[in-house]
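**Q** Chain residues, written in single-letter form:
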Amino acid sequence: MPPIISRGFRRRRGDDAGGDRVPPGQYVTTDFPVLSAGPTPHTALDRWDFAIVGEVDRSRRWTWEQFRALPSEEVTVDLHCVIKWSKLDTVWRGVSIDTLLEGVETSAEYVVQFSDGGYTTNLPLEDVMGGKAWVAFAYDGAPLEPEHGGPARMLVPHLYFWKSAKWVRGLRLLATDEPGFWEMYGYHNYGDPWREQRYWGD
Amino acid sequence: MAGTAVLGRLTWQVATVVDVVAETPRVKTIAFDVPGWRGHRAGQHVDVRLTAEDGYQAQRSYSIASAPDRSRVELTVVRIDDGEVSPYLADELQPGDQIELRGPVGGYFVWEPSQGGPLLLVAGGSGVAPLMAMIRVRVAAGSSTETRLLSSSRSWDDIIYRDELERLNGDGLTVVHTLTVSQPLGWTGYVRRVDVAMLAEVGPNPAERPRVYVCGPTPFVEAVAEALVQLGHDPRGIKTERFGPTGG
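Top line first, the protein sequences correspond to chains A and B. Numbering follows the numbering used here, in which position 144 of the first sequence is assigned residue number 144; successive positions increment by one, without gaps. Numbers given in the numbering used here equal positions in the second sequence, counted from 1, plus 1000.
Everything labelled a hint here was simulated from the structure, so no lab data went into it. Everything numeric in this text was worked out from a predicted model, so none of it was measured. Note that the Cβ used here is the ideal one computed from N, Cα and C, for glycine as well. Careful, some of the hints might be misleading.
Label pairs and their computed distance ranges (CB to CB) [unchecked claim]:
id : chain 1 : residue 1 : chain 2 : residue 2 : range
1  : A       : PRO24     : B       : GLN1230   : 37 to 45 Å
2  : A       : PRO24     : B       : GLU1053   : 15 to 23 Å
3  : B       : GLN1230   : A       : LEU45     : 38 to 46 Å
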């Protein structure tokens, strides 16, 4: 069925509002909207750690100080949120997941990110490897604000932004896929914005 | 775990405008007839898609304000002056016009009468829309669930669904307004932003383990959720929905 023309509707935004960097159905915003399902958790840094657990030879754990002593990278990426906004050229600093997985022996093919507050999100392990994902602790040159996921959040910019857990505390490596929070509530299991995988069945 | 009952693919459906109601000077409710609508749960949202003559398309997400129904879906839209979609929805749409909808979406920020209560709904501005769906389904189902709505608006004229809320107040539903910017003469209600003291007065007590739903702009939701936690409410019992000034 061809789309219904909405009488009198026309483009209002600039012609090149992002151009081919904006996936289908998205629009560019310069704000940084916040989306989360519950209250913002506040975990003191001296009680924070980051863990790699599950199907691994042995669990790994970093205190905040240990985590911050790891080599970090500055990355500039575009973000795409399932509720339609995209934000271009965002600048983050974080630790590559490749760094955190260095030396970890695993046969896992999937990973679940878990967070303070109980949020989880799942994805194939290969989607957080090879320079595609970070645990970010700074945004735009400043420590990451709690409402945006601070002290540290995942950054997996090639998938819709709900696949980047705020307040992340670790990765659970798994042999089989386990749907996370939004994935159980009707959102797509993989979430590729370029294939517009917003909801179940997309 | 009970997710949303999305059966297969969510397809775009044609929605025909049947009614447009001015709620406040900046806010309109648009009622659509959507043949074959699968129904929804209070708190869910839909995606709206507009297509221009030249094929250009824009999508946005809106909370559903109406109680579940077989074919009627109501969206409450705030006109954002420099937005692309909201001015069209709020100013241009007339009965008979057609757009496309896809949904319902979201299975977390929902309430059904069978879940019971007590229920605490805290709304900032047009964040009242999905909470109104909950109030409406509560009435439609004849539920006696003890429900409180604390609604923050800028002024008396900015209160969305004011008359309907006034009519429904009672029978286990308590509606409390706070007017943060200006108040009519003789106003005896709250005149400040929602804070810990106000939430404590409105209740219910955290010991009653209410189901709490908070919806509004991000700073509002951040502040209210924080205050609720301070007051002793279980963070896991607090569900939030936020919207930002995203130029919609």
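**Q** Next step is simple, just say for each hint if it's right about the structure.
**A** Verification of the hints:
For PRO24(A) paired with GLN1230(B), a C-beta distance near 42 Å keeps the hint of 37 to 45 Å intact. The beta-carbon spacing between PRO24(A) and GLU1053(B), approximately 19 Å, falls within the hinted interval of 15 to 23 Å. Checked against the hint of 38 to 46 Å, the C-beta distance between GLN1230(B) and LEU45(A) comes to roughly 21 Å, which is inconsistent with it.
In summary, the structure is inconsistent with hint 3 from the numbered list given earlier, while agreeing with all the others.
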